[in-house]
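Visitor: The residues making up each chain are set out below.
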Amino acid sequence: MATRVVNVVVAGLGGQGAIKASDILADAAFRAGFDVKKAEIHGMSQRGGSVTSDVRYGTEVLSPMIPRGEADFLVVLAGSEVEVNRPNLRPGGVLIPPDAINEADLPNRRSLNVALLGVLAARLDLADEHWLAAIRAALPERLHEVNEKAYRLGKESVR
Amino acid sequence: MERRLLSGDEAVAAAALDAGVHLGTGYPGTPSTEILEAFDALGGRAQWAPNEKVALEVGLGAAYGGARCLVTMKHVGLNVAADPLFTAAYTGVQGGLVVVAADDPGMASSQNEQDSRRYAVAAGLPMLEPADSQEAYDLMLAAFELSERWQLPVLFRMTTRVCHGKSIVTRHATRAPAAVQPFQRDIPTRVMIPAYARPAHKKLRQKLAALQVFAEGSALNVWRPGDVLLGVIANGVTARHVREAAPEASLFEVKTIHPLPLAKLREFAASVERCVVIEEGDPVIADACLAAGLRVEGKPEAFRFGELDVDRVRRILARDTSPEPVAPRGKPPMLCEACPYHPVYASLRKHDCIVAGDIGCYTLGVLPPYLGMDTCVAMGASLGVGLGLRHVLPEADARRVVSLIGDSTFVHSGINGLVEMVYNPPATGHVLVVLDNGTTAMTGQQEHPGTGRTLDHEQTTRLSIEGIATALGVKNVDVVDPIADPGSFERLLVDRLGRNELSVIVSRRACILAAADIRTYDKANAAKALLVVDGAGPAQPAGCGGTCTSEEA
Numbered sequence: 007m008a009t010r011v012v013n014v015v016v017a018g019l020g021g022q023g024a025i026k027a028s029d030i031l032a033d034a035a036f037r038a039g040f041d042v043k044k045a046e047i048h049g050m051s052q053r054g055g056s057v058t059s060d061v062r063y064g065t066e067v068l069s070p071m072i073p074r075g076e077a078d079f080l081v082v083l084a085g086s087e088v089e090v091n092r093p094n095l096r097p098g099g100v101l102i103p104p105d106a107i108n109e110a111d112l113p114n115r116r117s118l119n120v121a122l123l124g125v126l127a128a129r130l131d132l133a134d135e136h137w138l139a140a141i142r143a144a145l146p147e148r149l150h151e152v153n154e155k156a157y158r159l160g161k162e163s164v165r
Numbered sequence: 003m004e005r006r007l008l009s010g011d012e013a014v015a016a017a018a019l020d021a022g023v024h025l026g027t028g029y030p031g032t033p034s035t036e037i038l039e040a041f042d043a044l045g046g047r048a049q050w051a052p053n054e055k056v057a058l059e060v061g062l063g064a065a066y067g068g069a070r071c072l073v074t075m076k077h078v079g080l081n082v083a084a085d086p087l088f089t090a091a092y093t094g095v096q097g098g099l100v101v102v103a104a105d106d107p108g109m110a111s112s113q114n115e116q117d118s119r120r121y122a123v124a125a126g127l128p129m130l131e132p133a134d135s136q137e138a139y140d141l142m143l144a145a146f147e148l149s150e151r152w153q154l155p156v157l158f159r160m161t162t163r164v165c166h167g168k169s170i171v172t173r174h175a176t177r178a179p180a181a182v183q184p185f186q187r188d189i190p191t192r193v194m195i196p197a198y199a200r201p202a203h204k205k206l207r208q209k210l211a212a213l214q215v216f217a218e219g220s221a222l223n224v225w226r227p228g229d230v231l232l233g234v235i236a237n238g239v240t241a242r243h244v245r246e247a248a249p250e251a252s253l254f255e256v257k258t259i260h261p262l263p264l265a266k267l268r269e270f271a272a273s274v275e276r277c278v279v280i281e282e283g284d285p286v287i288a289d290a291c292l293a294a295g296l297r298v299e300g301k302p303e304a305f306r307f308g309e310l311d312v313d314r315v316r317r318i319l320a321r322d323t324s325p326e327p328v329a330p331r332g333k334p335p336m337l338c339e340a341c342p343y344h345p346v347y348a349s350l351r352k353h354d355c356i357v358a359g360d361i362g363c364y365t366l367g368v369l370p371p372y373l374g375m376d377t378c379v380a381m382g383a384s385l386g387v388g389l390g391l392r393h394v395l396p397e398a399d400a401r402r403v404v405s406l407i408g409d410s411t412f413v414h415s416g417i418n419g420l421v422e423m424v425y426n427p428p429a430t431g432h433v434l435v436v437l438d439n440g441t442t443a444m445t446g447q448q449e450h451p452g453t454g455r456t457l458d459h460e461q462t463t464r465l466s467i468e469g470i471a472t473a474l475g476v477k478n479v480d481v482v483d484p485i486a487d488p489g490s491f492e493r494l495l496v497d498r499l500g501r502n503e504l505s506v507i508v509s510r511r512a513c514i515l516a517a518a519d520i521r522t523y524d525k526a527n528a529a530k531a532l533l534v535v536d537g538a539g540p541a542q543p544a545g546c547g548g549t550c551t552s553e554e555a
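From first to last, the protein sequence lines stand for chains W and B. Numbering of the first sequence is given in the numbering used here, commencing with residue 7 and proceeding in unit increments. Numbering of the second sequence is given in the numbering used here, commencing with residue 3 and proceeding in unit increments.
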């Protein structure tokens, strides 16, 4: 197999946009030409409970679920969810916690999910054009500017 | 052809459109809910039924009429629809009828983890099961062809990871809904009096025998040759876990869940040294294989619970039954901070009520601080269970019993309980509290007959909960706003508990998450009504004009 599968877990609390963020990531990888699978648990979770979503991309993805302890990246939107999800990360995997971004710098607090995707983007091999197209496809037009800004803020924070 | 990243639910909706489905109906239930919403968004004709039994009956009628119809529900909904389902297997259909049952292994959002594959065996119906979104699309097209070819309803089993997982789908068929022919009378086929049912059952078994032959040769099942030392038989998303956990193993992916291709499976099992059946939930395939004398091993009992994943598949293959690592617990879901149910639960707790509860977000009132629910069994069960408690408890306790139900659940199957309440009233009377938040909140704010809007939020006749209670003869029927006037809810509750009479209290306040959308829908519908009136004659005042039924407007 040419490309190793990249495993990303996105976690947060219901209403924070964790599912939306994983949708954007999956779409960006799809636009970049990879095979993609995404698995999530929602339902009652939208009542403020824990939400996690697995995104996997590569040449061929089989199971939609990331085996425990095999996530390359763990993006967490809520401080309380960091420890709960840490066992998902493989040794040497990268944790992107909510305070990777200074909330005060965000154009809108609701865009934390996209800003953290920016932080993730700095470490992945997906071109900006795919990320931006995925963000635009996932959100209504009035939110495009704010979220593109949040994405860039996240991406530049890594340099 | 266009490739897109779709959830399994969206893929089913796309297939329904491409298969020329005339009508999609169902009742919302995680993880099946998005199918009909996506079908509607794609331009299909979709509607919510008050419950799964009604949805299936409507679908059956449509299929008797020669149309293609899709019916969707979650696994527990299939129990509600089971009565007509079993007889539909006898009557068969003329058009295509596919019934989706979405199982929830691990109970992410359900009260039990039942395995719907049992229903295919019990009812005697063909069942297909996909492993990902592309298969959900392909097998849904196949299911309609199968249904029409054998003139039988076809069950379509999905699980959470297929419904809510996303993967790439290529759509490849398009077929506009065919014109439905005039009604063909066929009484012996469709009226199941015993004289007609007896031959119908024989005919069904003949069809199943023929279907067995079909399954054996079906290209839908996938045999992936590999290691001769290890072979795995798997179904659904589990087959994908197996390919990742043991890429070298021979694999038989079963798509025709019922009837099973047992001769093919026998051949497969014989081709490998060790053959393991790995399936989520009940040992349906393993038991069938063992009963047929195949040389296979099933999974240890510990893996009957919850979802399977790559890790657990590795364990099953390694015969490793050591304790599995316990995942840290995340934050459980809870009532929204501004939820209108809070004052209701506070009052129930303050007065030490025994609460027969029901299924919906309000079930979360069972958690601290309220611990506000003593029973919760099934959709609509709060009425019957509350009445049973009232009948037998010592009087002092009986007086504390309250049945608590949401608006959508009341319409789903609470109405039947209300009929029981007026028919066999307990000596101490009874109190039913309907928590009417104007939406089906738990599954993501779907419409229902009590909202007065159809699946796509268009205006329709609004069912009146208080009107039904009054019409059925309940003595005391009140409507209160628990947020605007929490004191009056509490006073009313105390007063009604003290009477030996039947009471219904409708606690009405829009769901905090849905309120803004509800206002938008009502405004749009009012404007539309005005436009129609404008076209027809003199303009009516905005907002109502006699056609607007919303009390929130």
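Hint data in this document are derived by calculation from the structure and do not stem from the laboratory. Keep in mind it's a predicted model, so treat the numbers as computed, not measured. Be aware that one or more of the hints could be misleading.
[Stated by the list, open to error] Here are some chain W residues the structure puts well away from chain B; computed CB gaps all over 10 Å:
id, residue
1, L101
2, H150
3, L159
[As the list claims (entries may be wrong)] Simulated DEER-style distance windows between Cβ atoms:
id, chain 1, residue 1, chain 2, residue 2, range
4, B, R177, W, G39, 47 to 55 Å
5, B, Q214, W, R115, 58 to 66 Å
6, B, A526, W, R115, 28 to 36 Å
7, B, K530, W, R115, 34 to 42 Å
[Unchecked claim] Sample of chain B residues with no beta-carbon within 12 Å of chain W, all distances over it, derived:
id, residue
8, T240
9, A247
10, L337
11, C338
12, E339
13, K352
Cβ coordinates follow ideal geometry from the N, Cα and C atoms, glycine included.
Visitor: Hint by hint, work out which the structure violates, then give me just those numbers in ascending order.
Guide: 4, 8, 9, 10, 11 and 12
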